[in-house]
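Spelled out, the chains give:
Number of protein chains: 2
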Amino acid sequence: MQAFQDFYPENVAHCYGCGRLNADGHQIKTFWDGDETVTRFQPKPEHTAIPGFVYGGLLASLIDCHCTGTAAAAMYRAENRAMDSLPAFRFVTGSLQVSYLKPTPLGPQLEIRGRVKEIKGRKVVVEATLYAEGVATARGEVVALQMPDSFTA
Amino acid sequence: MQAFQDFYPENVAHCYGCGRLNADGHQIKTFWDGDETVTRFQPKPEHTAIPGFVYGGLLASLIDCHCTGTAAAAMYRAENRAMDSLPAFRFVTGSLQVSYLKPTPLGPQLEIRGRVKEIKGRKVVVEATLYAEGVATARGEVVALQMPDSFTA
Chain V
1 MQAFQDFYPE NVAHCYGCGR LNADGHQIKT FWDGDETVTR FQPKPEHTAI
51 PGFVYGGLLA SLIDCHCTGT AAAAMYRAEN RAMDSLPAFR FVTGSLQVSY
101 LKPTPLGPQL EIRGRVKEIK GRKVVVEATL YAEGVATARG EVVALQMPDS
151 FTA
Chain G
1 MQAFQDFYPE NVAHCYGCGR LNADGHQIKT FWDGDETVTR FQPKPEHTAI
51 PGFVYGGLLA SLIDCHCTGT AAAAMYRAEN RAMDSLPAFR FVTGSLQVSY
101 LKPTPLGPQL EIRGRVKEIK GRKVVVEATL YAEGVATARG EVVALQMPDS
151 FTA
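Read top to bottom, the protein sequences are chains V and G.
Mapping of the first sequence onto full-length UniProt numbering: residues 1 to 153, in sequence order.
Mapping of the second sequence onto full-length UniProt numbering: residues 1 to 153, in sequence order.
Hints were generated in silico from the structure; no laboratory data involved.
Model, not experiment: these values are computed from the prediction.
Note that beta-carbon positions come from the ideal geometry of N, C-alpha and C, so glycine has one too.
Honestly, I wouldn't trust all of these hints.
Chain G stretches covered by chain V per the calculated footprint, using a threshold of three residues with CB under 8 Å from any CB of chain V [said to hold, decoys possible]:
{"#": "1", "region": "81–89"}
{"#": "2", "region": "92–103"}
{"#": "3", "region": "106–113"}
{"#": "4", "region": "124–135"}
Some chain G residues judged to face chain V by a derived CB distance under 10 Å, without partners named [to be verified]:
{"#": "5", "residue": "M1"}
{"#": "6", "residue": "A3"}
{"#": "7", "residue": "G34"}
{"#": "8", "residue": "E36"}
{"#": "9", "residue": "V38"}
{"#": "10", "residue": "F53"}
{"#": "11", "residue": "D64"}
{"#": "12", "residue": "G140"}
{"#": "13", "residue": "M147"}
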């Protein structure tokens with residue numbers, strides 16, 4: 001099964017968080033699960049905050065890219081279009097908010113689940129919760145904006 | 001001159017963003033500049049968002065660690081104590097908010113400037129602005145919390 005990020009056009013598929021063409025990046029993969037979207041990610045040993053716990057900046061990054069991916073997928077759904085149809089949707093982050101509910105243990109695979117809160121014009125608001133072994137450890141919200149043409153001009 | 005992060009106790013100096021003992025991490029260094037705090041950071045080529053621009057997750061990470069470092073330094077200042085005096089202050093992130101004002105060009109060194117907004121008990125609120133070549137491209141706020149003992153128990 002192809003992930004949302006597998007459909008990003010080649011010229012915008014280099015993001016450190018979610019670009020399949022960034023060899024050094026996280027290359028997250030996001031999928032639909034009913035009305036929710038899901039990303040699973042295995043942090044590396046160096047992704048430490050305090051020893052034993054995951055670095056909060058990584059969690060923010062995962063939530064960020066999960067939500068911009070969800071925004072794109074949601075727009076295709078809203079238009080009842082396949083993700084390989086044109087024009088392609090690609091979103092950037094207008095704002096990102098993350099609340100750290102409790103320390104996230106470093107070791108288990110993490111799961112981020114997202115839900116579209118609002119679609120309005122070129123803006124999609126997505127909320128996400130991050131889980132470690134089924135326990136919600138962080139919650140975030142992203143205001144995603146359809147990428148301005150000036151980004152690739 | 002020693003940075004705030006050079007004073008973090010050894011057992012809490014492994015953070016991917018700011019720990020001097022994390023060989024794979026960003027190892028940011030933050031200093032006072034009057035009432036403001038300053039971090040300068042050179043992104044790497046792989047820290048891409050859309051080609052030519054810096055990955056927003058990195059910017060969030062830099063703001064995050066800059067602000068927790070500022071929180072610690074501010075507490076020493078508030079107590080009129082040197083940063084190598086005990087007990088040591090170390091903060092974690094309760095919440096992080098970042099607004100992306102405009103695309104951040106990938107290439108120039110970035111500057112993050114912080115300012116303490118509030119100190120109340122174990123909580124310090126820090127706001128920060130990120131600049132590329134003197135232009136503010138992102139703005140953030142962190143609610144930093146003094147690290148609970150349970151983190152290192």
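Cross-check of the supplied hints:
Check on the region 81–89 of chain G: 0 of its residues sit with their Cβ under 8 Å from a Cβ of chain V, so the three-residue criterion for coverage is violated. Check on the region 92–103 of chain G: 10 of its residues sit with their Cβ under 8 Å from a Cβ of chain V, so the three-residue criterion for coverage holds. Remark: the region 106–113 of chain G is not confirmed as covered by chain V, as 0 of its residues place a Cβ nearer than 8 Å to a Cβ of that chain, below the required three. Judged by the Cβ-Cβ criterion of 8 Å, the region 124–135 of chain G is not covered by chain V as claimed, because only 0 of its residues qualify and three are needed.
For G/M1, the suggested interface contact is broken, since its CB lies about 25 Å from the closest CB of chain V, more than 10 Å. Given the 10 Å rule on beta carbons, the hint for G/A3 is violated: about 18 Å separates it from the nearest Cβ of chain V. The interface hint given for G/G34 is violated, since its Cβ lies 27 Å from the closest Cβ of chain V, which is over the 10 Å cut-off. About 22 Å separates the beta-carbon of G/E36 from the nearest beta-carbon of chain V, more than 10 Å, and the hint is not met.
The restraint placing G/V38 at the interface with chain V is violated, with a minimum CB-CB distance near 19 Å, outside the 10 Å limit. A cut of 10 Å between beta carbons decides the hint on G/F53: the least distance to chain V is about 7 Å, and the hint holds. Annotation: G/D64 was flagged as interfacial toward chain V, and the flag holds, the nearest CB pair being 5 Å apart, inside 10 Å. Given the 10 Å rule on beta carbons, the hint for G/G140 holds: about 9 Å separates it from the nearest Cβ of chain V.
Look at G/M147: its Cβ gets to within about 7 Å of chain V, closer than 10 Å, so that hint holds up.
In this structure, the earlier hints numbered 1, 3, 4, 5, 6, 7, 8 and 9 are contradicted, and the remaining ones agree with it.
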